[in-house]
Structure formats: structure tokens, C-alpha cells
Amino acid sequence: MMNSRYLKMKESNLLAKVPFYLFVLFVAWFIFALLIWPNVNVLIDIFWVDGELSLSAFDRLSRSNRAIRAILNSFLLAAVLTVTVNIVGTFIVLVTEYFDVKGARILRVGFMSTLVFSGMVLNNGYLYVYGQNGVLTNIFTQIFPNLEPNWFTGFPAVLFVMTFACTTNHMLFFRNGVKGLDNNTIEAAKNLGSSQWQVLKDVVFPTLFPIILTLVIMSFQLGLGAMAAPIMVGGSFETISPLILSFTQRPSSRDLAALLSIILGIAQIILLIVMTRNEKKGNYMSISKTKTRVTKQKIENKVANTVVHILSYALFIIYVTPLVLVIMFSFMNLQGISQSTLSLDYFTLENYRAILTNNSNYGPLLTSAVYAGGAAVLAVLFMIMIARIVMKNKNNKLAEWTEYLFYIPWLLPGLMLALGLIISYDSPSFLLFGNSVIGSVWILPLVYLIMMLPSTLRYIKGAYYSFDNNLEDASRILGSSPIRTFLRIILPALLPTALALVALNFNNFLADYDLSAFLYHPAYPTIGITIRRNADAANNVNAAAVNLVYSVIIMAVSSVMFYVVYGRGSKMGEKKSGVRKSRRRIKAPVIVSGLGDTGVDDPATGGKA
Amino acid sequence: MIEIKGLQVKYDEFIAIDDVNIDIKEGEFFTLLGPSGCGKTTTLRSIAGFLKPSEGSINVNGKNIINTPIEKRGLGMIFQSYALFPTMSVFDNIAYGLKIEKKSKAQIEDRVYELADLVELNEEQLGKNVSDLSGGQQQRVAIARALAKKPNIVLFDEPLSNLDAKLRKQLRLELKRIQRETGMTAIYVTHDQDEALEISDHIAVFNNGRIEQIGTPREIYDHSASEFVCKFIGEANYLGPVLINHINSHGETHQFDTKAKHYVREEKINLSVPEGSKAVPVKGKILQEVFYGTFSTYICEALDTTVRIIVKEDGTTRIDSKNDLTLYIDPKDILEYGGD
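Taken in sequence, the protein lines are chains A and B. The opening residue of the first sequence carries number 1041 in our numbering; numbering runs sequentially from there. The opening residue of the second sequence carries number 72 in our numbering; numbering runs sequentially from there.
Honestly, I wouldn't trust all of these hints.
Quick list of simulated restraints, FRET-style, between CB atoms [to be verified]: (1) B:R248 with A:V1600: 50 to 56 Å; (2) B:D265 with A:L1438: 56 to 62 Å; (3) B:T368 with A:Y1505: 41 to 47 Å.
Here are the computed lysine to any residue pairs in the SDA-like style, where the Cα-Cα straight-line distance is at most 25 Å [unchecked claim]: (4) B:K176 with B:G145; (5) B:K81 with A:I1429; (6) A:K1336 with A:N1435; (7) B:K123 with A:E1340; (8) B:K356 with B:A296; (9) B:K123 with A:Y1505; (10) A:K1434 with B:G145; (11) A:K1057 with A:L1406; (12) B:K143 with A:W1441; (13) B:K221 with B:E298; (14) B:K383 with B:K221; (15) A:K1432 with B:G145; (16) B:K176 with A:K1437; (17) A:K1434 with B:L396; (18) B:K354 with B:I381; (19) B:K221 with B:D265; (20) A:K1432 with A:L1445; (21) A:K1501 with B:Y82; (22) A:K1432 with B:K354; (23) B:K134 with B:I73; (24) B:K247 with A:K1437; (25) B:K240 with B:L396; (26) B:K96 with B:Y82; (27) B:K143 with A:S1521; (28) B:K81 with A:S1235; (29) B:K199 with A:E1512.
Hints were generated in silico from the structure; no laboratory data involved. Since the structure is predicted, the reported quantities are computational estimates derived from the model, not experimental observations. All C-beta atoms, glycine included, are put in the ideal place defined by N, C-alpha and C.
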């Protein structure tokens, strides 16, 4: 009797665990088939030719002038961009947060516009202003008839676009750093006789050095992996990422594409190591118990003050001109757009009507929204489950390694994963249950999902850490089962972070171009692909109008998302988040969470600019 | 009612508690007392089921509950952080356990209002979000929630430590009242000796993962079983060897072992000879005086020993000279530890 009861109990325990074991099997398959095997195949493709070890890819690469030039171009762009982005980024933060500059609020709005005016949309905007048929180009050619209409191209154009596109990180991280400075340290330095410049040099910059170093590394990495900007405005200035794309499209050059992606991957890993070591050194933020907020410093030297004001507003104009023109011209009819003339006579809503009512026009928008939205929701749900297992098994080595493996997409560029998937699954494979990625609709959202995993896991884990474990204990001791406790207590507490992550992931991939270029289905082009196609100078005015409307819609969606995440929405969530009293303020995730994900997360570049 | 035998909890190689043996009777207020990291919370969490002991048993009404799932143990618990569910109203927090029991809406409502009365929460507060309440009110919600299912045993994990001193004192008495009114068995964890002395029927004093002594508050205070308990509970003055030799020289019945350590409670040192006592006079002087209103404390030096004494400010004690003072110590009040 006793024995049969015991056996029944044992059986029911085992049955209850079946879903868990199935999930573990799924995770094992996911990690192997989608994270490890594709990247291993990239290595095999390079080093294993005709059944033996080969270094022929290196040889071919060294003989390809185009590839060598692209590598050199990428490193040149990375090096120069690091300087320009950090100068501009530091300047715009100081003038909006540290120095007393008139109109700082409006300047801040302009400088932060890259949060929503980013990626393909930003590149298209710059092209619309400075490109061959650009608004400003038309004005310039009227003033200087000898000006080459295609003047905005090549390395300077890429550098220009990316410099202003990539300062988003500064407006997020460096700005936070400056705002976190202890005013007493500045006052102490002044009291000891420091000039304003000396305070900056000896107190402010050294305090913020770890952040600055991280931003330097991030800018370098953005330059190295640049894709959208070189494609849109680079002309003959080719960099590694676009070359990987074009090599991938030729089966005979696929090993070169693989080798180039490995070069990017190695660079990314090295930079990640440097950044992690930098982070481990800690920061020098205030040790004061009674920290005071920074009071804005009035620039005492009148000449310097005037120069800083002029420069601030000049930069403001550079930042907002493309954005404002894109919005305004989206309401002009074709005549207005073709003549680059803003006039109430040309005002129309026809462009919007045409897009929002025509399937072929709103199709790409819908495709991107479904891909990015679906991937964002699934990535968050998936990582909530993984984080739960990881947090429940903190001392388990297998759980620890599972977590590390989900960070692979941080270590390697998205392009390498895309290429790996193409190489691994270009024909039906048992690992994909007899499917192939070629011609499949699901591969692109799947790669979006994979690229979203590392930052999602990190933030969900962070939310678990701020969750008061006593809540779970309280629920259990009140009679609630583990599943009910998870659904009723833990999940609602994680919800603000989870929703914020869905919104951010969605935003980051809505206007993706980099991964789409590799993996999109011809019948379902994404918005990034469509904007790129429409942006060709050879295209008609209609295409330009479509791009303008697309840009405005994407910016509007992004703005709403940011409002939900960082605005009032997040405050509502905070109130109910269940974070411990001492950590009552749960932070919404920042946009760029680490070097590894800058490639896909960088809002300024829509992936790699 | 609760019988804990040979309980041991290990974290990897670290033994958090070892050989813990406790008997708790029905309706008793039992306190686990000790400094941080002594194992008291580990013991409580083992009873709750959050920790699985590596050895020993926990019997409730004769049944070993070691393998019983947390939710099936039928215990109530009040947490240090209150652990109120932030996504629910005060009412829903209290009703949470009852909903799990699938009680009818009317039953739930009745019970919630009954508990609100017991812990003195009003109807308006029941509709509020828990984050809108003060610390003391949140504590009342936590108590009501824990009592909702009428558990026979309620576990308290330092429930008052987040409150200010005045509120702590007030809620202490209320906890005792609620315990008496409901008849529940309370197991209470605290590091605050005053709290333990005030509300407990029995106290187990923990040190380094083991129990040093179990007894009533008076037993523990007056007859501390170890030097640790003596020093941890209340204020105890260490008496140096010169002073002990002096007392021995006056001793008529008992000679203290000079190799042992000796202590006397501060209130047991007098400035006059209590009637009928065999107190030994010791010459000393006052080094420092602190006035507290109803009483004062004096730091005195006497025969190479510094002691703290308490004097009631009721006008009955007069100190004529701060440099020429006689302290009276009764040998029967001296606590002796160690020695041969």
C-alpha cells in the first residue's frame, strides 16, 4: 500500500517535470544549432578546404586589393571616428549639462534627436539634405554652379554622418556621468585656486575617465563595423561590413566573407576584453555622503563663452536640419519635394494616405514591425525563463555556462552569425528539422531574436536581483505553488523591465538594415531594405516621398516607445515593480548595454552605421 | 508541539547551524536570539521550508515536516522586509492566502475585516496600495496576511527591525497581545535582547550556529549559562582578579576561582548595603556620570576594575564624594565562567 503510494508520488513528480526537461532540451538545441554551430561553420569554411586544414583564405584575402582596402578603410574610419565622435560628444554634453549655455534645453533636445532619428532613417535624412538631389545640395549648386552634385560622398561624408549619428552614447552615458559629479569636488578645486579649464582637466575628466574610455572603445567598434553609412553615402569608400555582404552573395568568395567577419569578431572580442577590464577597475564617482548636484558653470572668459555658444548652435543646426527637413518635406507634394521647396501651397497629406492605404507601401513597415515586435516579445519571454533557471541554480556550473553561451551574440558581430547561418543551413539540415534558411521567412526574425538575447538576459537578471526574494517566500508560505508564485508575484514584478525591453528591442530592430541585407525574404522586404532602395539617386521623386513618410512614421513609433520606457510609463511601472525599498528606483535599461551589442543596439546607426 | 532534533544546515562546506535541539509548546512565544550570523534565521527558514537541513528533524505535532513542501506546512510568516506584494492592494495582500484556499468571496471579506480589526487597520487603508502606507501600517498588513489562514504556528523574522525605536516598542506589545488573543504559537527571531526579554516565554540564545542556552527570560538573565550569554544579554561588568581576591578575602561561604572569569550585572552593584545582604564593600571613585532622567549611570573604578552602575534618580541615593565611594557587591550575584 505504502509502496504503491510512493511509486505514484514519484511518477507524478516525474510527470510534473516533463515540461521542464523538454525546455532544457529546447535550450540545448537552440544553443548548439543557432549559437555555436553557425559560428563553428564560419571557422570551418575558412580553415577546412577539401577535407584538410588550409590557410588559402588568408592568401586570397591578402591578394584581394578590394578586401585589403576595405580593412584599412575600416580601421581608418574607426580611428578617426573615435576622435571626432568623442570631441563632438563630449562638447555637446558639456554645453548642455556642465556649462551655463543659453538655451541648453532646446540644444539638448536637438542633440538627443539621434535617439529616434537613427540608423537607415538618419542616413536617408542626411542623403536627403546633402546627397545628389539633396535640399542643401540644390541650394549650393544654385550658389556655386560648378559644385559637383555628388559632392557628399566618400570617407568625409561617412565620417560626417557617423560623427553626428554616434554621439547618442555620449548623451546617455557621459551625460549621466556629468550629472552624477559631486559639485563639492568642483567647488573644492576652485577654492584651491583652479581655473575653469584646470577644474575640467584635473577633476571632471579624471573622474569620468572610465566612462570616457568605454565611449572611446565603443566609437572605435562602431567605426570598425560600419555598414549603413558606407553603403548610403560611402560611394567608393568601402568598409569591411558591406564587403562581407557582397562577398556572401558570391559563393566563390564566401570564405573571404567568413574571414572578414572573423577579423571583425576578433576585434570585437579584444575591445570587449579591454572594456571589461576597464569596468572592473571601477569608477571614481563621488564617495561623498552628502553629494550635491552640479551647478552649471558660467564660462568666465567672454571670448571663449561666445565661441562655445556659436559652436553649440552650429552643431544644433547640423543635428536638427536633416530631421526637420525630413518631417517638413514629408508633408509636401511631389512638386515641392522635387523642387526642394517648402511652401504651404505644396502642403499635402497625400504621401501619408498613399503609404498607409497601399499594401505595397505599408507592407515593408508591417513586415519590420512584425519581425521586430515578434522577436522582441519572444526574446523577453525566453530570457525570463532562462534567467529564472540561472537565478534558481546559482551554484550550478551547467546553468552558469548556459548563461555564458547566451552572451555569444555579444562577442561576435551579427554579420558573422548571419553568415554562419547561411553557411550552415543553405541546404535542408536535420539540425533545423529538415529546413533550410535559404528562402525562409523566419530566419530574419530568428536572428533578430538571437541578437536581442544577451542584453535582454542581462537586464532581466538585473531585475531578478532587485526583486525582493522575500516576496517569493511569502507567497510560498501562504500556500501558493511555485508556478502560481511565478505568475502572480514574480512576473508582475518583472513586468516593467520586461515591457521596457520589448520596447527597446523593437526600436533597435525596427529599421534594421545590416541583418536584413543578408537574410531578408524577397517577397517580404523590410523597411530598412526599402529605404535603402528608395534612397538611390536614380529613383523617382515618389520613392523619396515614400522614404520621408517612412522616416517620420519610424521616428514617431520610436518616440512613443522611448516615452513608454523612459517617460511616464516607466514611473508607473516603477511604483509597482516590487523592487526592494533600498533600491526602489528600478532603472529602465539603457540603450547600449555593452560593447558587444553596440553593433545592433546603437540607435544612431541602426546596427552598424 | 514543535520538536527540533539535531538540526544541521550546511552551505557547501560551511556549517551554518549544528546540533540545534528545541522544544516549543503550543501557544508559546519562543524567541531565537543572537548576534548577526549566529544561525537564528537559518533555523527559522529551515522550519519554514526555505532551507533543507542536511541533518536532523523538525516535528510538528509529531510529524516530521522536513520533506513537506513549503506551501503545505501551514505556517504563517512575517518577514523583516514585510514582503508585501507591491502589485496588490492592502486587501488583496491579506486575502492572498485565502484566495489560494479557494474561500468564497464573503468568507474572504469577513476574514479580512476581522483581521483588519485585530491589527487596527481601517477600511480606507484596506483599499490602498501597500506602498502608500507607513512602515508601521505595512507591518500590520504583514501580520494580518500571515494570520489570515489561521495558522497554528507563526514565524517572525526580525519583523520590527525596520521601525524606529518608539514604534518598535509599541508594536512589540501589540504582537504579544495578538499572540495571546489568537492563541498561536510564535517563533520569533531577533538580535535585540530587550525585545526578546520583553515578549518571550522562552528564549534560545544562539552563538556560532549552536544554541548556548534555552530558558525563560529570567533564567537567561539571572543565570546565564555561558560567558557569551552573560555578555550578550543585558549589561555585565567584568570583575578583575584584584577585586575578586578582595571579595574572596571577605567571603564567608564561597571562594571564587581566581582562574575563572567573573561578571556582575550593573544593577546588582549598590552604593549602600541592602538589608540582610552579605554584600562586600569595595572602595572606588566615579570617573564619569551620565544622567538619563529617571536614572543615572556611573562609570566607577574600584580595585583595578572599571564597572558601570545604575542609580535610580528617586532621591533615595546620595553621593557625597565622587572620589571616595563605597560599592557593595553581593557574592551571590557574581556569575562565574571557566576556571578549574
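- request: Run the structure past the numbered hints and jot down the numbers of the failing ones, going up.
  value: 2, 6, 7, 8, 10, 11, 12, 13, 14, 16, 17, 19, 22, 24, 25, 26 and 28
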